[in-house]
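Chemist: As a plain string of letters, each chain reads:
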Amino acid sequence: NAGVMQNPRHLVRRRGQEARLRCSPMKGHSHVYWYRQLPEEGLKFMVYLQKENIIDESGMPKERFSAEFPKEGPSILRIQQVVRGDSAAYFCASSTGTHGNTIYFGEGSWLTVV
Amino acid sequence: KQEVTQIPAALSVPEGENLVLNCSFTDSAIYNLQWFRQDPGKGLTSLLLIQSSQREQTSGRLNASLDKSSGRSTLYIAASQPGDSATYLCAVVQETSGSRLTFGEGTQLTVNP
Numbered sequence: 001n002a003g004v005m006q007n008p009r010h011l012v013r014r015r016g017q018e019a020r021l022r023c024s025p026m027k028g029h030s031h032v033y034w035y036r037q038l039p040e041e042g043l044k045f046m047v048y049l050q051k052e053n054i055i056d057e058s059g060m061p062k063e064r065f066s067a068e069f070p071k072e073g074p075s076i077l078r079i080q081q082v083v084r085g086d087s088a089a090y091f092c093a094s095s096t097g098t099h100g101n102t103i104y105f106g107e108g109s110w111l112t113v114v
Numbered sequence: 001k002q003e004v005t006q007i008p009a010a011l012s013v014p015e016g017e018n019l020v021l022n023c024s025f026t027d028s029a030i031y032n033l034q035w036f037r038q039d040p041g042k043g044l045t046s047l048l049l050i051q052s053s054q055r056e057q058t059s060g061r062l063n064a065s066l067d068k069s070s071g072r073s074t075l076y077i078a079a080s081q082p083g084d085s086a087t088y089l090c091a092v093v094q095e096t097s098g099s100r101l102t103f104g105e106g107t108q109l110t111v112n113p
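Protein chains in written order, with our numbering: chain A, 1 to 114; chain B, 1 to 113.
Mixed in with the good hints there might be a few duds.
Label-pair restraints from in silico Cβ distances [said to hold, decoys possible]:
(1) B:SER59 - A:GLN81: 42 to 50 Å
(2) A:ASN101 - B:VAL20: 22 to 30 Å
(3) B:VAL20 - A:SER66: 38 to 46 Å
Please keep in mind that the hints were generated in silico from the structure rather than gathered at the bench.
Ideal Cβ placement from N, Cα and C applies to all residues, glycine included.
Assemble the whole structure, with the sequences as input and the hints as a guide.
Modeler: Here it is, written out as structure tokens:
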């Protein structure tokens, strides 16, 4: 059973370009979470999704960021018109349900904006 | 707003020592608390999950305790090894926040051979 798969692992973008980060949850998991880890900071929640639904996006910046988890395929975190401050590690996690279930994290996608 | 604090921020110990990492949280209305390990450039590995009704969980040389009413948790590592060197993160799920984890900033542990 493969773990949570994220790609790309490393991504370099110039300011103003778009970044797309993909996450395939563990088999059988229908809940996906995205977290961001800025340099020298802790992990911060961004968004929680179930298939075709955004459940909680209270941690998402209001502009340029969007997330989806379609019926088929991976979850996508999209960052438009990237700026240097978007440089961070973006982690995806998945679980089978809410609350008491263990959450499994992917290895992260490291975005560098130059 | 929930805040999670971990002390110390960094810890360096000789191999074989027993050690304790501390985590505190400001809002005691939590659903569970989880300890993770993060290696440099890697994702997070879940070590122990403690439900709010539980007092402790054990896995091998690791023991985590939870005192929900005082807003504290400790991670005890027995007979530390160089392979234990990593950043240890504490995170809580609040009763009202679904499955959203609120993380502390971590304790960076170095175990010297």
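Chemist: Is the distance from the Cβ of B:VAL20 to the Cβ of A:SER66 consistent with 38 to 46 Å?
Modeler: holds, 42 Å
Chemist: Determine whether the Cβ-Cβ distance between B:SER59 and A:GLN81 falls within the hinted range of 42 to 50 Å.
Modeler: holds, 44 Å
Chemist: Note whether the CB distance of A:ASN101 and B:VAL20 lies within 22 to 30 Å or breaks it.
Modeler: Since the Cβ atoms of A:ASN101 and B:VAL20 sit about 28 Å apart, the hinted range of 22 to 30 Å holds.
The structure fails none of the hints (numbered hints given earlier).
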